[in-house]
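Undergrad: Now for the letters of each chain:
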Amino acid sequence: MSGAARLGRGAALALFALYFALPLLSMLDFSTRAKGDAVGRTGQAWANLFQDEDLRAAIITSLLLALFTAVAMVVLLVPTMIWVRLRVPKASRLIEFLCLLPLTIPALVIVVGIANVYSWVTYLLGDSGLTLTFAYVVLVLPYAYRSIDTALSAVDVGTLAEAARSLGAGWVRVIVSVILPNIAQGVLGAAFVSVALVLGEYVFASLLHFDTLPVEIALLGKSDAKTAVAASLASLIFASVLLIGLSFLHRHRRSPS
Amino acid sequence: MIGGRRRFAAAAPALGLVPFLAFIGVFLVVPTLTVVATSFQGEDGGFTLANIRALGSEAALTALWHSLILAGSTALIGAVLGAILAWLVVSAGPTSVLRRLTLAVSGVLAQFGGVTLAFAFIATLGFSGVLTEALRSWPGVDIFGSGWLFGLPGLIVVYCYFQIPLMVLVFVPALDGLRVQWREAAVNLGASTWQYWRHVALPLLTPAFLGSMLLLFANAFAAYATAAVLVSQGNPITPLFIRAALTSEILLGQANLGFALALEMIVVVAVVMGLYALLLRRTSRWMT
Amino acid sequence: MTVAAASSSTDRGLAVHFQSISRLYGATRALDELELAIEPGELVALLGPSGCGKTTALRILAGLDTATSGTVLVGGRDITRVPANKRDMGMVFQAYSLFPHLTVADNVAFGLRLRGSSSTARRARAREMLELVGLGQQGSRYANELSGGQQQRVALARALAVEPTVLLLDEPLSALDAKVRVQLRDEIRRIQLEVGTTTLFVTHDQEEALAVADRVGVMNAGRLEQIAPPAELYERPASPFVAEFVGLHNKVSAVVSSGVATVLGASVPAIQGSITSGSGVAMVRPESVSVAPSETGAASVVSVGFLGPISRVHVVTDAGDTLMAQLPSSLAVGLAPQDRVEVTIAPTPVLVVAG
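Chains as they are written, first to last, in the numbering used here: chain A, 1 to 257; chain B, 1001 to 1288; chain C, 2001 to 2355.
Wrong hints could be hidden among the right ones.
What the hints assert, rightly or not - Where chain A lies over chain B, by a calculated footprint (3+ residues, C-beta under 8 Å): (1) 1012–1024; (2) 1032–1046; (3) 1102–1111; (4) 1234–1245; (5) 1281–1287.
Derived from the structure by calculation, the hints contain no laboratory data.
In this text, all values refer to a predicted model and were calculated from it rather than measured experimentally.
We put the beta carbon where it would ideally sit given N, CA and C, even for glycine.
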């Protein structure tokens, strides 16, 4: 490559890097500023993540929600997708359509229409923020579906199942002991994406009046901007670690793209 | 009857799908149908077109127009800049560090919506934001002005932050799909680099580019959280108008206006995604 | 770019001349001082196992790869530094090279379009080339609607449309079904003879190379082991590698003295390149081995494989040599495992190597 071209590339990449790094660095700077006009740094905003009661409660709620959603998604989606491949292949188009539907219907729209459904849910299960699990499973469906679908496509599910069945395994055995281990990477990926999504979800939580981390951060923004920024950065870092860890998972087991 | 039993046995495996279908039915299909149905429901519960007509009111139309501008401009900017970045990454080689790093970071930033993004920009360009203060002290420029960050122009700048990485994620596979044999064949037949791009690469990439841009459009149009945090007053865009309708901040006499607005959103996104699906089919026919 | 005159008088109108071409990847020598001369109008096949350098040589000629050292001359002109898009060559790739967004006719006319041909001229030429490859009616279809064999025909038409100086074929049949392969290779030869373009054909299939080429060059580890007309390559291999790679053979112990090898009792001339005296291993072609049922024979049948017009009979001699004989099936009728047979070696010259 010519010298001028190389220089141009480098400059372009540097500009992009700057554009993306700036807000992130700003968050770090902003959240560690000393009070008022004082010079120096303080970790007070970050300490509030543990000290502020509301914030702490919201963090715990969101983390639990993330866990519940990931588990519920796996329990609901994985057996269904395997079942479709093994026994009801004609339904695969339908399942795919339904799983990708949440991409086309904005979350905001679903929230608007879900009020009735959720009044039943809270009536039956109480009004903890954890009931958001049901709605969140719907929101993560497209991403989870794609991850698991890719993993299932890389393995010849039909042949594996037939081989296991011919050796005497029942259907449950087939799913749990034979197929699951082979798609573990895809399932894990789906779980990671679900967690990342739940930690940042705001539409449902705020409009249904539940107190999750993003809702609390938004509330804090009006009174204590620094803590809000610190909490935002913390949740971003957490989600990034998850997602980047995910991409390393992919590197160890190359799947066809 | 034997026939009936056989039919049942044949249909039995389908029962395994019931949990999933029931779940989707309750938590996705029912809300969507509720939105559609309630749009046509008046305060008294009877059928009415008043909500739909209210969509034509000046406030609603302005909000829609702004939403379209927001989605359109960020889709265009995101698509162009994202395509450039995608090309820079792909041309570095399939196993380069740059590629892996950029794709990993894009994966994170594309999901980086909502609240976190809003505060990132408040920390940067807000009244006491890092960049604002820096520019205030050194060149003496007041970049904050009257708070443009908290209106439509601000949203445009902020949305690009996740549109560009999203474009990278969606467009890199298209660039990967450009087979090396096409380039070599073109060169062998006498094409210069420019001719290769003009006659082969660009025509092949155009459907993927347009499709990706549509995806970005739908993504921005439906986005809520960032705008909800940045904009506390007024309803410049449709999603925020819905927020207002739901929290009854405005009383227009149409109780179910929020539902009609939601229906409007469904229609817009459905149209865009429909076009996207068509373009996707064209691309996959060529590139697989 | 300077136009160098023919670098030596021996070039005298050679279409292509590789002079001492080497290609190194770090420490690996993909090509090791390759010398190859191709006459105008000739079809030369480069044959060899994967990694032998045949594709590298082709790509260096095409300009898609650069030699580390050495010169390439085309028609006496040094083109080593000429960029790939200015070399006036036509190339057919193994697969996937048709532009998917263009019709078959537009694909064929692509090179002409780049050269500024008028649209009528392009269309006429495209039609002409498609007729040549037997696809005259397929002009308005798209690549993904055609079979593999048809796609390769289009690729050929596209390469020839610009009347290239040299036609380059990079394993054009390797991705196709067996039957299509045989059909298409005869087609390619027919077309090449009709058009008369100098052609370099790379393949790993020795049957293919022998069937289409004027001369076949066998490559191994970056070097050309032997280049000769197919019959000569087959009957007089210059090295054990060539003998092993081209056609089937039996390895039988033999004793050589003064140019004659004694193999299983028969006296057979030893070809040039064989050891001159002492014991070694003779490479005997299956069709030079014949078996006949005989109670007193010194060998017995292990298995008989029926291949249609010919049969291959595996035998083991009492002395322990295993051989495969190839005979017309009519002569193998009735042979069964355990039968006693008499083994005869025909007096066709053989290569005897140290062993």
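Undergrad: Confirm or reject each hint.
TA: So, going through the hints one by one against the coordinates:
no.: 1; hint: 1012–1024; result: holds (count 9)
no.: 2; hint: 1032–1046; result: holds (count 5)
no.: 3; hint: 1102–1111; result: holds (count 7)
no.: 4; hint: 1234–1245; result: holds (count 3)
no.: 5; hint: 1281–1287; result: violated (count 0)
Of the hints listed earlier, the one the structure fails to meet is number 5.
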